[in-house]
Amino acid sequence: GWQKASAIMMLADKISAAEAERMGMIYKVFPDADFESSSKKIAETLSAMPTMALAYIKEALTNSASNDLEAQLSTEDELQQKAAATEDFKEGVKAFLEKRSPVFTGN
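Residues 398 to 504 (my numbering) are what the sequence shown spells out, left to right.
Only true hints are included.
Here are the simulated distance ranges between beta carbons:
#1 A440 - M406: 25 to 33 Å
#2 E467 - M406: 24 to 32 Å
#3 D410 - L494: 48 to 56 Å
#4 E467 - D429: 45 to 53 Å
#5 E433 - S471: 36 to 44 Å
#6 V490 - K438: 21 to 29 Å
#7 F432 - F493: 32 to 40 Å
#8 K401 - A482: 39 to 47 Å
The calculated DSS-like cross-link candidates involving lysine-lysine, where the alpha carbons are at most 25 Å apart (straight line), are:
#9 K425 - K411
#10 K491 - K479
#11 K425 - K455
#12 K455 - K487
#13 K401 - K425
#14 K437 - K425
#15 K438 - K455
#16 K437 - K455
#17 K455 - K479
#18 K425 - K438
Rather than coming from a laboratory, the hints here were simulated on the basis of the structure.
Even for Gly, the Cβ is constructed at its ideal location relative to N, Cα and C.
Please construct the entire structure, taking both the sequences and the accompanying hints into account.
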């Protein structure tokens, strides 16, 4: 929480990767031997996703730190409308209806 984050920043506490993962500061820790292959799998997964949708998710998350509820709901409504207007959205729906994996282009 706030107190732990404050202490780490103010006291320059050193924490291990495992502790950072446990506290939610980082997504995942991999053993050294698995780091390259595991990182590559995550990158491949992300690269196959609709990039504009990912950007809108990131924007919504960033804004949520300072928005009140009404502003956040408005932001999310706007971003969902933007996402629904993309070619990737159309491809996602089409692929779902055709029971196949989508091929996103970032448009």
